[in-house]
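Q: Here's the letter readout for the chains.
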Amino acid sequence: VCVVRRLEAGDDLASFRSTNRTLNRWVQKFGLANQNLFGVTYVAVEDNKVLGFLTVASSVVEAARVGKDDGTTPKRWPCLLIARLAVAKDSQGKGIGKKLMRKAFELAAQQRENTGCNLVTVDSKPESVGFYKKFMFEPMTVVEGGTPDYVPMFLPMETVLAAMKG
Amino acid sequence: MAPVLKIKPTMMPQREDVDYVPPQRFVVDAETAARIEDRIANPQKPNDALRALFKK
Chain A
7 VCVVRRLEAG DDLASFRSTN RTLNRWVQKF GLANQNLFGV TYVAVEDNKV
57 LGFLTVASSV VEAARVGKDD GTTPKRWPCL LIARLAVAKD SQGKGIGKKL
107 MRKAFELAAQ QRENTGCNLV TVDSKPESVG FYKKFMFEPM TVVEGGTPDY
157 VPMFLPMETV LAAMKG
Chain L
774 MAPVLKIKPT MMPQREDVDY VPPQRFVVDA ETAARIEDRI ANPQKPNDAL
824 RALFKK
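Chains as they are written, first to last, in our numbering: chain A, 7 to 172; chain L, 774 to 829.
Source of the hints: derived by calculation from the structure; they are not laboratory data.
Heads up, some of the hints might be wrong.
Here are the computed lysine-lysine pairs in the BS3-like style, where the Cα-Cα straight-line distance is at most 25 Å [unchecked claim]:
(1) K171(A) <-> K140(A)
(2) K828(L) <-> K100(A)
(3) K109(A) <-> K829(L)
Cβ-to-Cβ under 8 Å is the rule here; a few derived chain A residues that face chain L [said to hold, decoys possible]:
(4) A70
(5) K140
(6) G151
(7) G152
(8) E164
(9) M170
Glycine included, C-beta positions come from ideal geometry on N, C-alpha and C.
Bound-form chain L, shown alone (with noise of 0.2 Å):
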């Protein structure tokens, strides 16, 4: 009989929601592309909120 080989784990795998990785590509369907590409070309004014972010 071949002996068993028996591997002792080290390191068990951690939960995917403690292990994060940020995504480092998001593809958008076309409805959000077109979005985006509307956005870019005609930038929305900054609201009050956003604007605030930048005040001395």
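Same shape as in the complex, but just chain A (with noise of 0.2 Å):
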């Protein structure tokens, strides 16, 4: 049964392989190291094998002044951000995608309990936009912030937590 939780140490991600080498790289080298500090890393596991994994962390959208500034406080919404998302080569088409975006959901729905919480969003590659579209997410065009060659999006959760009510 394959199951998400929380990355531990003795995770083996040396052998973890997505079809994005950055991605790879990157959960190798920095996922443990980063723990809890830029973001949180869950991986999909399976009799101790890493299927897949998703980074998430707390971010925030706010609109842009429009303007001289007059004082007020810009329009912001606290987000829970899917920073990254990678399945292994050998594993997709299993349904591991949606297991770790159904956990992303529920992780935003706690934020929105404990701390509030408007917006999923996602710092996506352009090749995966398609993927994050078909669950409803739409692209922000973005002034300030974000990240070079990405495609944010963006998911309110009054959507988000309809689906979960069924």
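Put the complex together from the two separate chains, hints included.
A: Dropping the structure here:
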């Protein structure tokens, strides 16, 4: 049975191979080192084999100020950011990505309950935009922040919570 | 002649795409901000793919 849980020191990441070498190198080298600092990494594990991983972080979406600074605070939406997500090449098509997405949404619901969360956002690689659009994420036009060449997207929590209720 | 102090680098900087730090803040344009507000005020019904994630 595949379970999704926090990345632990004993997890074998050396043999993890998704189709994206950057993501492989990142989780192998920095996943554990960054745990609970920049974000939290979760792994989909079956028989002690890591089949995929998800890194989430807290973030905020903020409306750009229009006109001069009049002392008001621009609108802000606290969010859970899906920062990294990858599935092992030999585990693709088995629903691992969906399990990781479900985990991300459950974490967003917990964040909403505990500290507030308006949106789930993702910092998507261009080739993964279709995957997130399938779950109703929409692209955002970002004027500051974000990662060069990535596609920032959002999904409101109202829609996520409605899906959770069935 | 003053002695030349040679500093040996102990750690090379990592490539940005490998040593990734998640963006803590996205500042969005007015059109996106209005769309976010509208989506929160008038939530869309979840589609089949989204609902299927939570089916027992």
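Q: Holds or violated: the hint that M170(A) contacts chain L, with Cβ atoms closer than 8 Å.
A: Given a least distance of 5 Å, the restraint on M170(A) holds.
Q: Take a quick look at whether K828(L) and K100(A) sit within 25 Å of each other, Cα to Cα.
A: It holds: about 16 Å lies between the C-alpha atoms, which stays within 25 Å.
Q: Is the interface hint satisfied for K140(A)? The criterion is a beta-carbon contact with chain L at less than 8 Å.
A: 5 Å, holds
Q: So, G151(A) near chain L? Judge it on the closest CB pair being under 8 Å.
A: OK, holds: G151(A) within 8 Å of chain L, min 5 Å.
Q: Hint check: is the beta carbon of A70(A) less than 8 Å from a beta carbon of chain L?
A: OK, holds: A70(A) within 8 Å of chain L, min 5 Å.
Q: Grab the minimum C-beta distance from G152(A) to chain L and call the hint holds if it beats 8 Å, violated otherwise.
A: 5 Å, holds
Q: Quick check on E164(A) please, does its C-beta sit within 8 Å of some C-beta on chain L?
A: 4 Å, holds
Q: Measure nothing beyond the straight line between the CA atoms of K109(A) and K829(L); if it is 25 Å or shorter, mark the hint as holding.
A: Since the Cα atoms of K109(A) and K829(L) sit roughly 14 Å apart, the hinted pair holds (cutoff 25 Å).
Q: Could you grab the alpha-carbon distance between K171(A) and K140(A) and see if it respects the 25 Å cut-off?
A: The hint holds at about 19 Å.
In this structure, none of the earlier numbered hints is contradicted; all agree with it.
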